[in-house]
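Residue numbers (my numbering), protein chains in the order written: chain X, 1 to 303; chain Y, 1 to 348.
By construction, these hints were calculated from the structure, which means they are not laboratory data. Any given hint might turn out to be false.
What follows is a set of in silico ranges between Cβ atoms, one per label pair, in the way DEER data are often shown [said to hold, decoys possible]:
1) Y:121 / X:154: 30 to 40 Å
2) X:80 / Y:92: 36 to 46 Å
3) X:130 / Y:93: 15 to 25 Å
4) X:131 / Y:33: 47 to 57 Å
5) Y:30 / X:239: 49 to 59 Å
6) Y:207 / X:57: 50 to 60 Å
For glycine and all other residues, C-beta sits at the position ideal for the given N, C-alpha and C.
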Amino acid sequence: MGDVGATVSGGTGLKLSRFARRIRAWRGIGLIGNIGIAICALFCLAAILGPSVEPVNANSMVALPFLRVSLHFLFGTDELGRSEFSRVVVASRIGILAAVESVAVGIVLGTPMGVAAGYVGGVVDEVLSRLMDLLFSLPGLLLAIAVIVVLGPGLSHATLALGIVFAPQFGRIARTSTIEIRGRAYIEAARLADRGTLWIIARHVLPNIATPLSVMVGLTLSNAEGSYAVLSYLGFGVAPPTPDYGTMLFNAQAYLISDPWLVLFPAAALVLMILGFLFVGDGLRQQLDPENRVFSGGVLGGR
Amino acid sequence: MLLNQRSEHERPKPDSKGALALLGRLVKRPIVRYAFRRLLTSACLALALSLLIFIGIQRIVPGSEADILAGSYGDTPSQVHAIEKRLGLLRPIMSQYMSWLAKALHGNLGVSPVSGLKISGVIAQQAPVSIELALLGLLIATLVGVPIGALAALSGRRSPRIDMSVRLPFLVIYALPFFVSGALLLMLSAKFFPSVYTASYVPITAGLLGNLRSMILPAIAVGLPVCGLLVQMTRATMSEVLSQQFITTGLGNGLGPWRLYGVYALKAASLPILALEGFSFGMLISGLVVVEDVFSLPGIGRGLLLAIENRDFLELEAQVLVLAVAFIVGNLLVDLVSPLVDRRITIR
């Protein structure tokens, strides 16, 4: 965010403290972006503090099943008599972990591919670009399921599968941004100064493609959260006793008509989380990429 | 290079020179060449994917076809070996792939080692369900999403507050995972319209009304998140079109709002909207898998999950391939139709 602060305060000519610059940068991501930050902060807090402040352990059967909403059990109890509120709070851990992890895998796999393709060009570019096209030509969920069939289910495998789905998206953006700056004078200069390719990439290319990549990160996080929930709903995610929105919703579906709140509470939490990521992502996009060049199909679109 | 300028001059006139000359002139037209190239790359993509899926499932996934066949009879390793030999599983992978591909192109996808059914027959049963669900979902998403997106763009020029109040609900709808929208629809219909939805699938041959009653909720569940996406994207595209000068000119010339916005502006926005429909195909196919599972519809998506559960990888291979080819064909169609919709498009 340091970069953003610099561009925002640049016009005023004032030397702002680091903290003040940061505040200004946040203001730039707009009302919706700030609502998103608030939602994300809430979930992060729940994820970090959840297990230590929850009134009842999320995994222990503490009461009769299907209790209604009460002061003692805020969201009632689920089909095994576990506190639904505790489970919804603690499930935010797996949600955030899965989203962040799969996006991280996507960046780690995709960025080197894209930078190599864009910087080296020629045959390398051709091969890597076709590979990315190939990955793109499978619908995301199908590719993720195919990877999980090969690796087996579980949280780390599901996030790895999603990372493979997201990798070509990061790869494409890294490639086009690298091509854009490849011919710039400062890179020529570094090359003439006999700097190694890796040094140039680390010192000049990566910092310059960081902005479009971080826009993409913001936009991918909400997608990752939703996709992971789908995978865990289908039974490819984290193993059962651990609270997780996807599996909770799958189990609750059998009691859809008789006990609808068992679906409604985790569903609301999940959708809120996805929206939080979506809002932050779009706020970041408006702030860092106002002409909408990175992701032409911006979900919120416009200004 | 503008397409319509060129095609005016080079339109082939019917003459007596024969079909070959006509074909030769046709091939010179950029649109035809573009179509050929697009067809060729799509075919290559499908071929590469089929190889990838074949190798992935035959070589990487533990548990071969022979193990499954042998397992049900409790055979010894030597018998497993004999079965492997009979099925040709000991040959090099490329030669296995070639013979599998040759059969697959003739519509023979093999026999499932788990169920003993012909896989092409299974797919032929499942495909109509998925195709109907996808088309209905896309139809609902387009019929609801595009007009609302256009209206949001129009009203957004006057008041950002109205704009926001149109967009926000659809943003929430976009964020709904397919299984959540499915569960909510089931819940609402059970509460308010218990007589509309029938929970068991009725094939279209058994009557259109019964079929629609069993398909309407799943179709809405598939269509809703896609609709949310279309609203946001149509709004963005339309607001860009509305800021162009021909809109101002049209207003100045006294064109009615229906004609100006409904015809001219929508026409100018139709190409990006079409591209967005292509963009939503991936989402649509993901939706099929999940929604068929939620509503227990006997389509390809649910069949795919069942095949994973039964470790029926020969069937899974065929199902993944069919969905992937459908995705490629869908995108191909969008690319081929785009130059016909908007002739200003430049063909490279």
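Consistency of the hints with the structure:
{"no.": "1", "hint": "Y:121 / X:154: 30 to 40 Å", "in the structure": "34 Å, holds"}
{"no.": "2", "hint": "X:80 / Y:92: 36 to 46 Å", "in the structure": "52 Å, violated"}
{"no.": "3", "hint": "X:130 / Y:93: 15 to 25 Å", "in the structure": "21 Å, holds"}
{"no.": "4", "hint": "X:131 / Y:33: 47 to 57 Å", "in the structure": "26 Å, violated"}
{"no.": "5", "hint": "Y:30 / X:239: 49 to 59 Å", "in the structure": "56 Å, holds"}
{"no.": "6", "hint": "Y:207 / X:57: 50 to 60 Å", "in the structure": "53 Å, holds"}
Checked against the numbered hints above, the structure breaks hints 2, 4 and satisfies the rest.
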